[in-house]
Structures are given as C-alpha cells and as structure tokens.
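> Spelled out from the first residue to the last, the chains are:
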Amino acid sequence: MSDKSKKDFYWVEGVTRDAVVRSLADNNPSVFRNQRNRKLLIVLVSFLIIVSAVSIFIEHPKVRSYLEIATLASVLILYFKLRASVRHVADAPDELLDERLIAIRNAGYLDAYRNMGGIGLVYVLIYFLMVLEIISPSRPIGDIAFSQTIISYYMWFACMPSMVLAWTMPSERAAEQ
Amino acid sequence: MLHSCYVAFILSNMSRNEEAPVYNRIAEQREFVGMSRQQLAEIVHVHYQTIGYLERGEYSPSLALALRIAEVFGTDVQSLFSIKPFKKGK
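Protein chains in written order, with my numbering: chain E, 1 to 177; chain B, 1 to 90.
Here chain E stands alone, though its shape is the one from the complex:
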C-alpha cells in the first residue's frame, strides 16, 4: 500500500490503480461480502466453463457455436464479477496491497497452480479417452475442433486465482472499522 509508483494501469496484472483502490476502500454492502454467495458464483463460473469445454461434443454446428458464444460471454462477465468479489486482490500489484493481502494473494496463487495442474490432468485424460474412442465414438477425433477446449482452459487460468481467493476468504465482518 505504498505510493512508490504512480502507474494508472497495470498491463501485466490487467487492473487499474483506481479500480483496486476503490475496491479495497469500498465499505458499501455487497452480496459478495458473504463467502457463501462467492462460492455460488464460483460454482456458476465453473459450470459455464465446463459446458464451454464439452460443447465440442455437440454435433449440430449451429447449436454448438451459439452455446460457445453464450458461455464465453457469460464467463467473461462473471470473470469481472469474480475479480471484484475479492476486491481485486488476486490481480492487484504489490504496491497497492498491504502485507496481509500480499500473503493471501500469494497463497492463493499456490493453490491456483495446484488446481490448474489437476484440471490440466483431467483435460489430458479426457483427450486420451477420446483418442481411444471411449468418449464420443460416433465422431472421429479428427473431426473435432479443440479451439473451444483450449479457450476453456485459458478461462480456468484467468479465473482460478480469483476463484481460490473467493472460496477461501472468510465472510467480511460488518462494522470492521
């Protein structure tokens, strides 16, 4: 929380100074101050990303493309909600956080890395099951475009740090000041 740097936009982190400062100082009531509501948001985002990933199995091209666009747009909107629900701590640079928040963020990234390893393993397993024609035997693997699956993996990447913090951070107490 030092003012060493006066950058307004943090390109690497993808946040603005103003957004982080406002978010951290925000004392207004919000549904996302409650851990249970944040967990519901995580479940919803996860469900949409999974739907996005498995949409490749839909054979009808028009239905598939509509579903891909709908899930992508929904996840994008909820991604910003997810970031805001943890006061942008997951994306904020060190200079805008205090030592406790930096520790929380860093611990969150460790868990996010572990989770991404697990999700990556699931993706690889599903791919091998498809190669062995255990999953989706009606469509040869060469006919399936995996772009949406790759995009869904990047969605997990983008959302995971905020997801971990939203899941682990306790509900905020009223009258903390």
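Since the hints were made in silico from the structure, they are not lab data.
Be a bit skeptical, because a hint or two may be false.
What follows is a set of in silico ranges between Cβ atoms, one per label pair, in the way DEER data are often shown [as the list claims (entries may be wrong)]:
id	chain 1	residue 1	chain 2	residue 2	range
1	B	79	E	76	50 to 58 Å
2	E	31	B	67	34 to 42 Å
3	E	34	B	63	31 to 39 Å
4	B	79	E	25	25 to 33 Å
5	E	35	B	32	32 to 40 Å
6	E	145	B	83	54 to 62 Å
7	E	36	B	82	33 to 41 Å
All C-beta atoms in this analysis are idealised placements derived from N, C-alpha and C, irrespective of residue type, glycine included.
Given the structure of chain E, go ahead and fit chain B onto it with the hints provided.
Showing chain B alone in chain E's frame:
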C-alpha cells in the same frame, strides 16, 4: 502440461507453515487513545481489515509493521506483542 501436474503433486505434499499465535494489545491501546481501526490503518499504511485481523490474532504482523504500530502508540514492540497471552489488567 505434465510438468505442471508433477509440480502440483510435489507442491500438494508440502505442508503449510503453521505459525504460533502472536498475542497483542492493539485493540486495548487503540481504544485507550480513541482511535478507530480506519485511522490506525491509514497511519501504518495497511487495509482497515488488516487491523481487525491483527486485533483478533488471526494475522501475525511482520516486524516492520509491528514496529510501525508500536511507534504510533509510543510504546515498544514487547509491550504490544507477545508470544504468550497478556495478563489481564497489565
């Protein structure tokens, strides 16, 4: 990708540091001088919730932060923080 799975497996077997609690008299001192958490937070450059976490013993401060807080109350670190519970009335 397999590398990240391997690293995730290794990391998952590493235990987190379980630190001993650090007791403090921040709330007592703050109330004594009539200061709000927000005011103290602004002086020591931390988020206002961090003061709440410190007071409840849910977060142990760094030495630098402990020194800054002690300076605000014009006292030394030992009389504000302890690894043993403070005796009441002292």
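> Going back to the hint list, which numbers does this structure go against?
Structure breaks no hint.
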